[in-house]
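**Student:** With the hints as extra help, turn the sequences into a complete structure.
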Amino acid sequence: MTTELDITETLDVTGVSCPIPVVKTKQAIDELDQGDILEVIATDSGSMSDIRGWAEGTDGVELREQTEGDDVYKHYVEKTG
Amino acid sequence: MSTDSQQTGDDIDGEQASETETTEDELRARIEELEATVAELQELEDAMAAAGDDGQKKMTIIATKGTLDMAYPPLILATTAAAFDWEVVVFHTFWGLDILHEENSRNLKLSSVGNPNMPVPNIVGALPGMDRMTTRMMNKRIADNDTATIEELVDLSLDLGVELQACQMTIELMDYDEADFYEGVTTGVGAATALQHMSESDVQLMI
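Residue numbers (my numbering), protein chains in the order written: chain A, 1 to 81; chain B, 1 to 207.
Cross-link-like lysine to aspartate or glutamate pairs, in silico, EDC-like; alpha carbons within 20 Å at most:
| hint | chain 1 | residue 1 | chain 2 | residue 2 |
| --- | --- | --- | --- | --- |
| 1 | A | Lys79 | A | Glu4 |
| 2 | A | Lys74 | A | Glu9 |
| 3 | B | Lys57 | B | Asp85 |
| 4 | A | Lys24 | B | Glu87 |
| 5 | B | Lys57 | A | Asp30 |
| 6 | B | Lys109 | B | Asp146 |
| 7 | A | Lys74 | B | Asp146 |
| 8 | A | Lys74 | A | Glu56 |
| 9 | A | Lys24 | B | Glu163 |
| 10 | B | Lys65 | B | Glu178 |
| 11 | B | Lys58 | A | Asp59 |
| 12 | B | Lys109 | B | Asp144 |
| 13 | B | Lys57 | A | Glu56 |
| 14 | A | Lys79 | A | Asp36 |
| 15 | B | Lys65 | B | Glu103 |
| 16 | A | Lys24 | B | Glu151 |
| 17 | B | Lys58 | B | Glu87 |
| 18 | A | Lys79 | A | Glu9 |
| 19 | A | Lys24 | A | Glu9 |
| 20 | A | Lys79 | A | Asp6 |
| 21 | A | Lys79 | A | Glu56 |
| 22 | B | Lys65 | B | Asp175 |
| 23 | A | Lys24 | B | Asp146 |
| 24 | A | Lys24 | B | Asp159 |
| 25 | B | Lys65 | B | Glu151 |
| 26 | A | Lys24 | B | Asp85 |
| 27 | A | Lys79 | A | Glu62 |
| 28 | A | Lys79 | B | Asp85 |
| 29 | B | Lys58 | A | Glu56 |
| 30 | A | Lys74 | A | Glu62 |
| 31 | A | Lys24 | B | Asp155 |
| 32 | B | Lys57 | A | Asp59 |
| 33 | A | Lys24 | B | Glu152 |
| 34 | A | Lys74 | A | Glu39 |
Calculated from the structure, these hints are not laboratory results.
**Tutor:** Given below as structure tokens:
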């Protein structure tokens, strides 16, 4: 499944597990500008719930989309503030 | 008798009139006092709002364990909370100090006794070399699953601005040297520091 979003940068966290996907996502978002979209590619199935929870509990980010397929989980996070 | 009571009644009326005046003055004074208090409280509230209660959450964890399995939860929660932009303090005491000890943190062990879920009976687990074996097995699993090592999580915590504190009393009790700890670890702190952070925190955990 492909996304229609305009991706600014891609973060590859395949192979690593909790808490690294969330922490690396936060660090990558900090480097971006408002309106940018970060694509996060993970293989940790827990990242579906964790990235969603992190985005909901953090100011200045919004989870635009999540996709799942072939043990790869993709997350699209927009920096909103 | 009756005259006496009449006189007394007049006196009472007179007293009541002067009392009413006094009460009115007193009430006015009291209202002014209260108005001043309200103004003070309003100022205090404004000052508190300005002082930056920006809604940032705080968490304090007390880490007391230094076995390989128990070293993970404080670091995983601390790094994740930091990703949420929380202000995080982890106060390490007793065996928890080994998490911050550069050399010891790379050699944390897993006990093969005391956990009935271990595949070997406690009496076998108590044999010499068994702790080393279970530790090796756990480290292999950590590597196979690409789980972060304790050292990586300590570095990550410090990078994210987590304050890792090492209890001064137990540093001395365990005969550790402050130079043995990772660079960036805070030493020279005690129970009062930990309590102060706990009282200001939204989340307090003892692990």
